[in-house]
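Residue numbers (our numbering), protein chains in the order written: chain A, 1 to 430; chain B, 431 to 746; chain C, 747 to 1025.
What the hints contain is simulated information worked out from the structure, not anything from laboratory work. One should not assume that every hint holds.
Selected chain B positions facing chain A (in silico; Cβ < 8 Å) [claimed, not checked]: (1) I499; (2) G555; (3) E585; (4) I589; (5) F592; (6) V689.
Remember, it's a predicted structure, so these values are computed and weren't measured experimentally. Where is the CB? At the ideal position from N, CA and C, for every residue including glycine.
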Amino acid sequence: MNRKIMSGVGLAAVASLALTGCGGQDEPAAADGPVTLTLAGWDFASTPEFETLADAYHEANPDVTVELKEYPAGDDYDTALTADLAAGAAPDVFIVKNLKNYVTFTEGGTLLDISDVAAELDPETGGLAPMAIDGATYAVPYRQDSWLLYYNKALFEKAGVDLPDGSWTWDDYAEAAAELTEGIGEKQVTGTYLHSWQSTVQGFALAQSGAPLDGGDFSFLAPYYERVLAMQDEGSQPTYATVTTNELTYQAQFGTQKAAMLPMGSWYIGTLVAEQESGAADTFEWGIAPIPQADESTTGTDATPVTFGDPTTMGINSGIDESKVETAKDFLTFAAGPEGAAALAGIGITPALIDDTVADTIFGLEGVPQDDLSRFAYTTHETLPENPVGPTTAAIQTILGETHSAIMSESTPVDEALAEAEERVANEVG
Amino acid sequence: MATPVAQEQRTLGFTEPGRPPLRTPRTSLKLRNALIGWTFILPNFLGFAVLTLTPVITLFYISLTSWNIFGAAKWVGLANFERLIGDKSFHTALGNTFYYALVHIPVTIVVSLGLALLLNQKLRGAAFFRTVAFFPYITSIVAVAVVWNMLFSPEYGPINQFLSLFVEGDLPGWTVSKDWAMPAVIIVGTWKDMGYYMLLFLAGLQTVPGELHEAARIDGANTWQRFWNVTLPCLRPTMFFVTVMVTIQSFKVFDLILVMTDGGPGQATLVLSQYIYQKGFEQFEFGYASSVAVVLFLICILVTVVQFLYNKRKEA
Amino acid sequence: MTARPSALQRSGRVLLYVVMVAAAAGIMLPFAWMVISSLKQNNQVFTAPVEWVPDPVVWRNYLDIWVRADMVTWVRNTLVLSVAVTALQVLTGSFAAYGFAKMRFPGRDALFLLYIGTIAVPWQSYMIPQFQMISSWGLNNTLWAIMLLQAFGAFGVFLMKQYYESIPDSLSEAARIDGLSEYGIWWRIIMPLSVPALASLTIITFVSTWNDYLGPLIYLRDRSLWTIQLGLQSFIGEYNAEHALIMTGSVLSVLPIALIFLLGQRYFVEGIATTGVKG
């Protein structure tokens, strides 16, 4: 657009706004005047990360205010954000909560190209590299959770089972779960707990087998499903049917000591610490171990265990006012960089960039287990995405979600369900 | 009608000067009626046309395009509909929807009509029982789904525990079994809707004149005969309304299934409305989702038109 | 014909009552679970197996819901919306229904089928174009949006039209001969005779606006505009959920409506006076 016309219009706008006495929220400001960025987040009451980042940035850049706009939590976030994006009412910066929607947002032109921001970030930033689509990046990760194994030391002692030492394969895990269930010997207490999400099985299968999601072949899922079904039959964990119909929650199951082990994302560290403090969870000694591996090659504290986890990324609304673009990019660099990471670590959130400062901060928090294995598990892992960036990911994941419930409810045998899934992908996904 | 009037009807509304007209000429009466009719309809129709009709027409247009919400819609003609023909998931959803509808519709009508008839009498505590029947409808759908899921829990739920007293062997898995999930959902759907339709039937039952019942009783008709020959015919407008609404709501069922089983296990309870939601909001294929909505619309309209014509015939 | 009921009839009555009470208990079971859960601690709500007796009984939840959560705002917003939408629907719907039921004009039936047709389209499928339209008027994130969405539905028109058709034409004919205008007939004759239908429409519209979730989710962003359903859903946080409080809120949300329904019973079962009219 002709800059002269724009500044002329800008002057007229400022003049008219001044005349009507309104606050000038939308007046195009020069880059060094006060700027307000709007940021979409969710559930501010129990998710303090947005406020933390906003406040930290404001402290470092006093003439920039990051205004938070609250969206519903959970799956509703995407629905509401989609509606606002469609109507052009979305904020300047928004979080891409669900990685599988990243490609759609990009294709729809809602995200600004921020390859320059991505280039400036530390290449070790978790989840950054896979965000590139045809060489351009449209969102950068500010937090990256990984899945770990939580375990209850007290229950292990009670059952007389050896604590995890970082060398476990899935078979070791299954064995321990069975022994724990028997050793504890209490009704309603199981060796482990598997939550109902499809990621609890498929995430690991995808990451640890190295198979591609869109390869059209789902046989890599078979051994993982067979294992959990066997564990279910054995009684080592509550059945999928019970978990879903009774709406069991992983926080309650592990927190009230109804399960001795729990594979879960690193976000649970903060939650468990807070719940033990408030009394919502029992007081017991717990630790974190690396997630069990597919085979011996990646086990042990000398190797790097493979796990999964999607980064939570932030992007810039392509409809943003042009004068704010530089500020927005700077905010993203801050959030995804070491300063943002330090701020997030302070409230127990796992940032995308995990360096020693971050690890020290996290393990310095009251209530977090202090043993070496926990620190190893938290800092050392190869985390692969659960929803690899690609045009067919969303559709495939919907199909696999239905496959998951079919298999876990024991309505369809594993091989049949996987074959059906492959057929559906071939038939329905372009 | 008198001939002079007929003569006047044929003229274009003019009356002979000096002669007072016996009746207003037919055509201007029709015009007058049309105008008055429209003034009645206009307030509601204006809001309806702008707020509902326009988006619905837009929906029909979108079904002929490929659109991911965020950009411009790309015209593809009938490609979406062609794709539907070969889409197995669509067929599954279609089949499930019919399964739900064909069972839910008659069961709900019978149960709610029965409740209305029962609770229309001067029974002690009728008001209380009517409120009880209405409770399921006013409870939030999320709470309903959570509770019923728990009641249906195969291992720990009270329903299976109760059944195990009488039945040997494997008990139904209900919402986690691909064979029993739909029956479970239908049961909950009927439980939730019966109070609502009972209310509508109750309103309709108030229009049945008491004297007709009396006359029939005096003539020696028993309860069933009175129901069939007095109540039902008077209830026809209400019956038409209830039937059309139950039909449409059954084909459109969404919230209940979404929160109870999320279309699962597998696709055992996937219905058209959820398929639309999946394609639209999870995979951002809005054009395709709209084409499914158009199919759903056509099914409902077809059934409604059939019911409409049947009702009109019975009216005559 | 007021012979004393025989012993058989009386025991039939007793049996009927027994069955009805049992059925009522069955129907209310889910609601009973809701009440029990609302008195539990959060981590005890969902367990396997179900615990039917809360231990400890957390009466505090009924206090917390008002103090910790913004229940007052939610109730106020929900009340405003429900009353406004109900009033608009009932008025415009019954007004339009008269045109469809009692007046004859070309295209009437086709237009009516169009009305019913829109009921047949699931709302999620046209909710985005509708949202875009309303947002372009600057009404998103306001309560007005919800009012506009719900107030002009086809349902009210349909319900009232069917009811009007069961009111004999002879009544309105007589009034017409007496010189009453169509509007007068509608207000003086038809409306008073359709109290049961009006009552049904009122409570149904009220309930559906009261319990509406998806509409407020899409349109209402500001916390100060949240409705009860939206507010309760916010208790489901990202990493944990306050299940007990959600149940408390749900119980409180149901009670006002149940009360209105119970107290307003006579409107639903009031008969119409048809004396002097042979069918």
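Going down the list of hints, with the structure as the test:
For I499 of chain B, the shortest C-beta to C-beta distance to chain A is roughly 5 Å, which falls under 8 Å, so the interface hint holds. Restraint check, G555 of chain B versus chain A: the minimum CB separation of about 34 Å is more than 8 Å; hint violated. A hinted interface residue such as E585 of chain B counts as satisfied when its beta carbon comes closer than 8 Å to some beta carbon of chain A; here the least separation is about 5 Å, so the hint holds. At its closest, the beta carbon of I589 of chain B sits 11 Å from a beta carbon of chain A; the interface hint therefore is violated under the 8 Å criterion.
Nearest Cβ of chain A to the Cβ of F592 of chain B: about 16 Å, over the 8 Å cut. The hint is violated. About 11 Å separates the beta-carbon of V689 of chain B from the nearest beta-carbon of chain A, more than 8 Å, and the hint is not met.
Hints 2, 4, 5, 6 from the list above are not met by this structure, while the remaining hints are.
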